[in-house]
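**Student:** Residues per chain, in single letters:
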Amino acid sequence: MSKTTTNGLLRFTTAGSVDDGKSTLIGRLLYDSKSIFEDQLESIKNESTQKGINGPDLSLLTDGLRAEREQGITIDVAYRYFATPRRKFIIADTPGHIQYTRNMVTGASTADLAIILIDARHGLLEQTNRHSFIASLLGLRHLVVCVNKMDLVDYDEARYREIVKEYKSFSSRLDITDITFIPISALLGDNVVDKSNQMNWYEGSTLLHHLEHVHVGSDRNLQDCRFPIQYVVRPQTDEHRDFRGYAGRIASGVFKPGDKILALPSGKESTIKGITLGNEQLERAFPPLSVTMTLEDDIDISRGDMLVRMNNQPDVVNELDARVCWLGEKPLNTSSRFILRHLTNEVQAKVTEILYCIDINTLHRDEENKTVATNDIARIKIKTASPVLTDSYRKNRTTGAFILVDPSTHLTVAAGVVG
Amino acid sequence: MTELYNLDHLTELEAESIFVMREVAAQFDRPAILFSGGKDSIVVTHLAMKAFAPARIPMPLVHIDTGHNFPETIAFRNNLIQDMGANLIVGSVQDTINQGKVQEETGSNASRNKLQTTTLIDTIEENRFDACVGGARRDEEKSRAKERFFSHRDDFSQWDPKNQRPELWNLFNGMHAPGEHFRVFPLNNWTELDVWNYILKEKIELPSLYFSHERECIRREGQILAMSDFLKLRAGEKPEMMRIRFRTLGDLTITGAFESEADTLEKIIEEVAATRITERGGRMDDKRSSSAMEDRKKDGYF
Ligand SMILES: Nc1nc2c(ncn2[C@@H]2O[C@H](COP(=O)(O)OP(=O)(O)OP(=O)(O)O)[C@@H](O)[C@H]2O)c(=O)[nH]1
Ligand SMILES: [Mg+2]
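Chains D and P, in that order, are what the protein sequence lines are.
Each step along the first sequence adds one to the number in the numbering used here, with nothing skipped, and position 237 is 237.
Each step along the second sequence adds one to the number in the numbering used here, with nothing skipped, and position 65 is 65.
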């Protein structure tokens with residue numbers, strides 16, 4: 001509820017196995033940072049009393065669905081917003097249960113940082129590993145590993161060190177280098193907002209302090225100019241008879257009026273005449289702005305096409321080498337047809353080869369395993385009916401991401417990254 | 001150098017919402033904006049104008065008229081429609097009642113809030129809308145906190161919160177069978193304070209009800225309700241003049257007012273930033289049970 005912020009916006013997600021304390025932690029974070037409104041607190045206090053719980057059950061702050069409150073688990077991701085004088089936060093609290101991995105992927109796909117919770121009594125579980133790997137696959141560059149429920153292991157330093165060691169050995173095979181460890185009790189608030197006086201052996205910062213100060217090098221790519229056309233604006237009024245504007249959101253790079261551009265896949269060239277946002281003329285456009293561009297020449301461009309620079313072009317391909325997280329209920333069937341949705345483009349696609357699945361506990365490639373079942377992560381080859389304009393996901397989190405949709409059920413069955 | 005490319009977060013939110021509006025226009029055949037006359041749907045309409053400028057917005061505005069509106073809301077709506085040159089479609093709860101499809105609630109707590117759902121669904125079916133854009137935000141309420149940007153509704157307009165489609169990055173999947181539709185929420189990531197700050201920044205006009213004014217009201221169960229023909233007075237209730245404003249605009253019968261001197265946007269923003277009660281805390285419709293909103297949403301409510 002603070003009004004001014006200085007450190008910009010941080011989007012983060014929770015992750016980890018079921019019951020490790022994710023929702024309780026978010027509740028604690030909001031509660032101790034005084035970000036809960038009186039009527040919200042009142043209502044969860046009443047509900048907690050009814051359930052016979054002492055003190056407010058803080059997980060009820062994010063577990064907002066009836067079924068979640070009845071079962072005491074998170075089913076779908078909840079988004080919460082809060083701000084401290086230092087920073088504004090968007091939190092995605094995701095479910096730990098394997099059955100709802102698709103919702104964890106949903107929450108993580110737009111996050112910059114993930115908080116991985118581990119129950120100090122149980123150590124690393126399969127879902128801890130899966131979620132860590134998914135965070136890495138989705139290009140999150142920052143992890144905070146919270147060893148939770150320290151109150152249940154007598155705030156024992158040795159136990160904490162043991163889990164840290166185990167996680168470090170596991171994570172050496174991940175693509176993430178910035179990993180911070182914090183021993184906490186979400187239930188009692190140790191090291192969440194306020195420093196614990198039970199763990200004097202821990203000298204690092206509290207979770208909130210870390211979140212306020214962590215430097216999240218911007219994901220924005222200002223080098224490679226990519227403008228996917230989303231919608232063509234044609235007013236067809238007397239005043240704007242011949243107006244043709246190309247509307248879209250800048251994926252990466254900086255565009256200015258006067259720049260020479262190339263339209264893909266047609267290969268036609270032109271020059272940017274103007275860039276507008278509403279009625280305002282812009283001198284430059286960059287991610288993540290949504291703008292409308294006009295060109296000097298009348299060339300045929302439509303939704304799904306892309307404006308780029310001549311000397312820096314994406315790959316124009318019919319075949320993709322990709323890693324996917326399979327979200328469909330049935331295993332991937334290589335004889336099925338899919339719709340591949342990439343940027344503003346939609347094309348027919350089929351999976352031509354399954355290269356390997358990842359063994360989630362060892363992170364080794366299992367080349368024998370060619371069955372991609374729900375929640376599996378695999379490397380596959382995809383063929384598309386018409387060309388797509390991609391970059392590798394590592395280089396570009398916007399132009400390197402896609403989903404697969406099953407045309408018979410209309411459901412989203414895979415999250416994919418190129419390369 | 002990089003300073004030049006830093007955006008304040010309102011500009012980022014605006015860019016996201018404009019992207020969502022354009023995605024609606026591109027992916028659906030018969031989209032519409034659900035326009036309540038409240039600040040959030042006014043902001044959605046403003047964003048739509050920016051998204052498609054200099055063209056007109058390529059979808060109609062739909063107002064579900066309970067017949068219990070503040071007259072100020074209706075006047076504001078009509079002016080806005082005229083200025084924009086937009087197409088307005090009105091679904092009338094009174095008509096739904098006259099057709100015998102729903103029964104008016106009785107008693108001193110009666111409201112038409114729940115009845116709206118039937119009118120809304122009928123209007124969607126009659127007009128064969130395949131996407132309805134609304135101004136709801138995730139920070140409003142705990143089941144809304146679970147919403148996707150593109151939220152699927154089945155053939156009966158029902159929401160299945162336990163089985164939502166995954167939504168990755170901003171790759172929105174709007175595929176659906178005939179008869180199904182989507183509810184779309186471009187303001188999902190906005191907070192109440194963001195909305196107010198944006199209204200100030202963009203100088204967006206609002207109904208006068210949001211600003212402090214003198215009005216005849218009554219106090220009931222810790223709430224202040226505006227006097228109107230639709231409010232049935234209980235024994236002992238006496239209307240009095242108060243200086244109030246509204247934080248949200250729903251029906252006359254359920255929208256709580258509160259005493260305030262805030263008569264400018266700047267003062268409102270100060271007030272909102274300091275408040276300790278949620279925006280919907282003043283609404284009788286949410287007070288009926290702890291899952292009141294989820295239950296209504298499952299049935300097809302806004
Ligand atoms: N003693 C103790 N209990 C805790 C702590 N954190 C969470 N719990 C309890 O652990 C249980 C599960 O907590 P949740 O916050 O719902 O777990 P979760 O990780 O959100 O679970 P899912 O979302 O379903 O995956 C609850 O009964 C909490 O009260 C802690 O630090 N100490
Ligand atoms: Mg949870």
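Hints are not guaranteed to be accurate.
Within a straight-line C-alpha distance of at most 35 angstroms, the following computed DSBU-like cross-link-like pairs (lysine-lysine) qualify [stated by the list, open to error]:
#1 D:Lys-45 to P:Lys-267
#2 P:Lys-267 to D:Lys-51
#3 D:Lys-88 to P:Lys-162
#4 D:Lys-273 to D:Lys-260
#5 P:Lys-267 to D:Lys-256
#6 D:Lys-350 to D:Lys-165
#7 D:Lys-51 to D:Lys-195
#8 P:Lys-238 to D:Lys-88
#9 P:Lys-203 to D:Lys-45
#10 P:Lys-267 to P:Lys-238
#11 D:Lys-165 to D:Lys-195
#12 D:Lys-260 to P:Lys-201
#13 D:Lys-273 to D:Lys-330
#14 D:Lys-260 to D:Lys-165
#15 P:Lys-162 to P:Lys-267
#16 D:Lys-51 to P:Lys-162
#17 D:Lys-268 to D:Lys-256
#18 D:Lys-273 to P:Lys-298
#19 D:Lys-330 to P:Lys-201
#20 D:Lys-330 to D:Lys-268
#21 D:Lys-381 to D:Lys-370
#22 D:Lys-330 to P:Lys-238
#23 P:Lys-114 to D:Lys-381
#24 D:Lys-381 to D:Lys-350
Simulated from the structure, these hints should not be mistaken for laboratory data.
**Student:** So, for every hint listed, does it hold in this structure?
**Tutor:** Outcome of the hint check:
Restraint check: the Cα-Cα separation between Lys-45 of chain D and Lys-267 of chain P comes to about 32 angstroms, which is no more than 35 angstroms; the hinted pair holds. For the suggested pair Lys-267 of chain P and Lys-51 of chain D, the alpha carbons sit about 41 angstroms apart, so the restraint of at most 35 angstroms is broken. Between Lys-88 of chain D and Lys-162 of chain P, the direct Cα distance comes to roughly 29 angstroms. Compliance with the 35 angstroms bound is thereby established for this hinted pair. Distance restraint check for Lys-273 of chain D and Lys-260 of chain D: the Cα-Cα separation of roughly 10 angstroms lies within the 35 angstroms cut-off, and the hinted pair is therefore satisfied.
With a C-alpha separation of about 38 angstroms, the suggested pairing of Lys-267 of chain P with Lys-256 of chain D is violated against the 35 angstroms cut-off. As the CA atoms of Lys-350 of chain D and Lys-165 of chain D are separated by approximately 42 angstroms, the hinted pair breaks the 35 angstroms bound. Using a Cα cut-off of 35 angstroms, the hinted pair Lys-51 of chain D and Lys-195 of chain D holds, with the two alpha carbons roughly 30 angstroms apart. Between Lys-238 of chain P and Lys-88 of chain D, the direct Cα distance comes to roughly 44 angstroms. Violation of the 35 angstroms bound is thereby established for this hinted pair.
A hinted pair counts as satisfied when its Cα atoms are at most 35 angstroms apart, and Lys-203 of chain P with Lys-45 of chain D does not qualify at roughly 40 angstroms. As the CA atoms of Lys-267 of chain P and Lys-238 of chain P are separated by approximately 30 angstroms, the hinted pair is consistent with the 35 angstroms bound. For the given pair, Lys-165 of chain D sits about 23 angstroms from Lys-195 of chain D by alpha-carbon distance, which is consistent with the 35 angstroms threshold. Restraint check for Lys-260 of chain D and Lys-201 of chain P: satisfied, since their Cα atoms lie roughly 33 angstroms apart, inside the 35 angstroms limit.
Proximity of Lys-273 of chain D to Lys-330 of chain D is assessed by CA-CA distance (about 49 angstroms); at most 35 angstroms being required, the pair is judged violated. Proximity of Lys-260 of chain D to Lys-165 of chain D is assessed by CA-CA distance (about 53 angstroms); at most 35 angstroms being required, the pair is judged violated. With a C-alpha separation of about 41 angstroms, the suggested pairing of Lys-162 of chain P with Lys-267 of chain P is violated against the 35 angstroms cut-off. Between Lys-51 of chain D and Lys-162 of chain P the alpha-carbon distance is near 22 angstroms, which keeps this suggested pair within the 35 angstroms criterion.
A C-alpha spacing of about 18 angstroms is found between Lys-268 of chain D and Lys-256 of chain D, which places the hinted pair at or below 35 angstroms, so the restraint holds. As the CA atoms of Lys-273 of chain D and Lys-298 of chain P are separated by approximately 48 angstroms, the hinted pair breaks the 35 angstroms bound. At roughly 49 angstroms between alpha-carbon atoms, Lys-330 of chain D and Lys-201 of chain P are farther apart than 35 angstroms, so this suggested pair is violated. With a C-alpha separation of about 43 angstroms, the suggested pairing of Lys-330 of chain D with Lys-268 of chain D is violated against the 35 angstroms cut-off.
A threshold of 35 angstroms between alpha carbons decides the hint, and for Lys-381 of chain D with Lys-370 of chain D the separation of about 12 angstroms falls inside it, so the pair holds. Taking the CA atoms of Lys-330 of chain D and Lys-238 of chain P, the gap is about 64 angstroms. The hint is violated against a cut of 35 angstroms. A threshold of 35 angstroms between alpha carbons decides the hint, and for Lys-114 of chain P with Lys-381 of chain D the separation of about 50 angstroms lies outside it, so the pair is violated. Restraint check: the Cα-Cα separation between Lys-381 of chain D and Lys-350 of chain D comes to about 9 angstroms, which is no more than 35 angstroms; the hinted pair holds.
Checked against the numbered hints above, the structure violates hints 2, 5, 6, 8, 9, 13, 14, 15, 18, 19, 20, 22, 23; every other hint is satisfied.
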